[in-house]
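**Student:** Put chain F on the given structure of chain S with help from the hints.
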Amino acid sequence: MSRRSWMRPLIAMGLVAVAAVSTACGSSGPADPANGLKVWALEDPVLNKIEQKSIDSFKAGGGNASLETFGNDPYKQRLRVAIGSPQAPDLFFNWGGGNLKEYVDAGKVADLTAVLDENAAVRDKFIPSVLDGAKLDGKTYGVPMRGMQPVMLFYNKDVFAAAGAQPPTTWDDLLTLVDTFKAQGVTPIALAGSQAWTELMWAEYVLDRVAGPEVFKNIRDNGPAGWKDPAVVESMTKLKDLIDRGAFGSNFASVGYDAGGASTILAQGKAAMHLMGSWEYTNQLDQSPDFVKQNKLGWVAFPSVTGGKGDAGNLVGNVSNFYSATSDSKNLDGAKKFLTTTLTEDSYIQALVEAGDVPPVVGAEEMLKKSPNPDYATFIYELVLDSKNFQLSWDQDLPADDATFMLTQLQEFFLGKVSPQQFVDAVAAR
Amino acid sequence: MSSQRPSGWYAVPAFAFFALFAALPMVIVVYLSFTAWDGLGTPAPNGVDNWTRLVQDGEATASVGRTVLLMVVSWLVQTPIALLVGVWAAGKQRSRAVLSSIFFLPLLLSTAAIALLWQVLLDPNFGAFVGGPQFLGDTDIAIYTVVFVISWQYIPFHTLLYQGAARAVPPTLYEAATIDGAGRFGQFVNITLPQLRFTIVTSSVLMMVGSLTTFDTVLILTNGGPGTATRILPLHMYITGFVGFEMGYASTIAVVLVVLGTALSVAVMRWSGFRSMSSQQEGS
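Listed in order, the protein sequences are those of chains S and F.
In this text, residue positions in the first sequence follow full-length UniProt numbering: the first is 1, and each later residue adds one.
In this text, residue positions in the second sequence follow full-length UniProt numbering: the first is 1, and each later residue adds one.
For reference, chain S alone in the conformation it holds in the complex:
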C-alpha cells in the first residue's frame, strides 16, 4: 500500500475515536427529579426488603425514592467511582469511621448535625455510642440504618461438656482451654484464615484488652507512627503465643468464612470456639439449623486480660451501618427528610427485630424479648449498652490503602512469616 492509502484510514480512525469519546462524555444528562432520591445499600436478601419498606413509607408520606443494592466489593468500587459524578446516589450506605472519613475529607458528604439537632427526638432515639460511629470532628455525617454487630466468642456447648470445660473469662482460661481441646483432638478455635478480616478480630480484641482503645485511636487519628506504641508489640506477642500453641490448628490458612468453612467445623464439633461478628448466629441458623435449635451454640464476650488496661466490656466489630447524604445531591432536603422520618419508625425497627437484627435504638428491650431469638438479641443489646467503647473494625476505620497493607501484614504474621516486631515496623513505616 502507498503511504497515502493508509494515512486516510488512520485519520478516519482518529476521528471516530474522538467522536465516540465526546459523545460518551456528553451523554450524561441532568438527573431526572421525577425519579426522586437514589438510595444505595449493600445487598442483603433479608434486610433489603425492610429497607424497601422504609422507602415505601417515605413515598406514602409524599416523597419519592428508589433503592439500589450491590454486593460487598462491587459496592465499594461502584460508590468510589460514582460519588461526585451525575450518577451519584443521594443517600448511600456506609460503615462509618475512616471508611466514611475519606468521603467527608473529599467534601462529598452532607453534614447532618443541624438537621439532627432540629429533630432531637429522632437523634436521641439512637444509642449515643452507635451514633458516634458516624461522627467526625464533632459533626454527624450518618444515621444508623441496620443492626449492631459486635464481635463475640461463640462456642460449641457439646464439645465443652465433653471436655468438662467452661467458656473462658480470662486470657489465661483461654490458653488452658487450648491445651485441653488439643489433648482431645479438637481444634481449639476455628479460624477462617484465608480471609484476613477474621484474623483482624483477634488482633483488635487483644490490643484493646491489653492497652485500651486509645492506642488504636491514636493510630487512626495521628498516623501510622502510632503503631510503635509498646502495647502493640506486647499484644501481638500474646497473640503469637496463642497461635504457636496451636489454638487455630494447622490448616486455618486455607479455611474460608464465606464458604462456611469455619462455621461448619464449629457446628460439627471439630472445633470448640469461634470468634466472629454477631451475624454468625444467623449464619449458623441458616447452615446448621439443628445446631442452633438444639441449643448447642453458646456465646460469651471476649475474655479479659489480667493486668490489661482495657475494660473487659469494650467491644469491637461493626458499630452499625449508616445512611449518609451526598453533599451535591439535587434533593438534599428530601434526603434529610428521609433520614429523620423513616429510620426511627416503629414499623421499621420492629421489622429489623423480626429479621434477627438488634436495632441501635434506646428502649428496645421489650421488643427484643418478643424477637425470634430473645436470649441472643438481648445479650447483644446489653453488651452494647454496657460497653464503654465500641471500636469499629480497624480495616473500616483506617483509610483503605493503610488498611489493605495492614491486612496483608497480618496474614503474614498469622502464618509465622513476620514477627510481632516486624509487623509493627512494617505498618508503622507506611
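Label pairs and their calculated CB-CB ranges:
no., chain 1, residue 1, chain 2, residue 2, range
1, S, Gly246, F, Gly47, 42 to 52 Å
2, S, Asp425, F, Trp152, 32 to 42 Å
3, F, Val48, S, Asp173, 49 to 59 Å
4, S, Gly246, F, Gly132, 17 to 27 Å
5, F, Ile141, S, Asp172, 29 to 39 Å
6, S, Ser419, F, Leu206, 34 to 44 Å
Capping the alpha-carbon separation at 25 Å, the derived lysine to aspartate or glutamate pairs in DMTMM-like fashion look like this:
no., chain 1, residue 1, chain 2, residue 2
7, S, Lys417, F, Asp140
8, S, Lys76, F, Asp38
9, S, Lys135, F, Asp38
10, S, Lys417, F, Glu59
11, S, Lys270, F, Asp138
12, S, Lys240, F, Asp140
13, S, Lys139, F, Asp38
14, S, Lys76, F, Glu59
15, S, Lys417, F, Asp138
16, S, Lys228, F, Asp57
17, S, Lys228, F, Glu59
18, S, Lys182, F, Asp138
19, S, Lys417, F, Asp57
20, S, Lys238, F, Asp138
21, S, Lys240, F, Glu59
22, S, Lys101, F, Asp38
23, S, Lys217, F, Asp38
24, S, Lys76, F, Asp216
25, S, Lys240, F, Asp138
Just so you know, these hints were derived from the structure itself, not from any lab.
Quick caveat, the model's predicted, so the values are computed rather than measured.
Ideal Cβ placement from N, Cα and C applies to all residues, glycine included.
**Tutor:** Using the frame of chain S, we list chain F on its own:
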C-alpha cells in the same frame, strides 16, 4: 494500489476500536501512573513518586518473581502434555474421538467455576484430600496448586491446537520415513516436532502472555494467599487499585504489565524465527 487488495478503509472499524478501547486507555494509564489518585476527585500529578515507590516496593518485586515462576512452570507443565496428547488425539480411531471429547470438557467450563470447583475439592476440612498436604494453605505449595489448576483448564485448549496442526502434517512424509525404516519415536522427533514448530511458538506465546495476565483463577482460588504466596503481579495491581484505592500506583503496575507482556511476545517471536515464517505446504 492493487485492485486485487481490499481498500485500506476496511481497516477503519478495527483501528477505531483498537484506538478507543486499547490505545486510549493505555495512554490514560500511563498518565495516571504519574499521579496520586484515590478514585475521589481529580488525579494530582506527583512526578515519578509512583515509579520510585515501585522500585522500593518489596511486594511488587516479589509478585513479579511469582508471575515469572508461574509462567515458566505452567509452560513446562502444559507444553509437553498438550503436545503429546495433541499428537495422540490426531489419530483417527473411534476410541480417541470419545476420549478426546471427554478430555476437552474443562475447556467448556468457565474460569470461575473451575476455581470454585478446585477450591472445594482442596478444602482442608471437607475436600477430597482431608489430612493430606495443604494444597491451598501451605505457602510453599499454593503457587504450584495454582499452576496445576491453570494447566488443568488450559491443556485441552493447547491440545486442540496441536491436534489440528498434527493432522495437517502430510501423510506422505510418514510413509517415506516408514520406508526408510524410521520407528515411531524417530518419526515423532524428525517429522512431527519440526512440522509443529510454528504451532509450538503460537501455543507458547498464548501460554506465556496468558500466564502474565492470569487473574480470575488466582483471585477466586486463593485471593493471593496464603499471605502473599500467590499474589502475582495482576492481582497486586487489582488489590492496590480496587481494594486499597491507590489508582495512581496501580496504574504504574499496569504499565509494567503491559511492557512485560509486549516484550515477552516480541521476544518469543524473534527467538523462534517466527517472523521469517514460510509456507509449510508441500512443494513450496
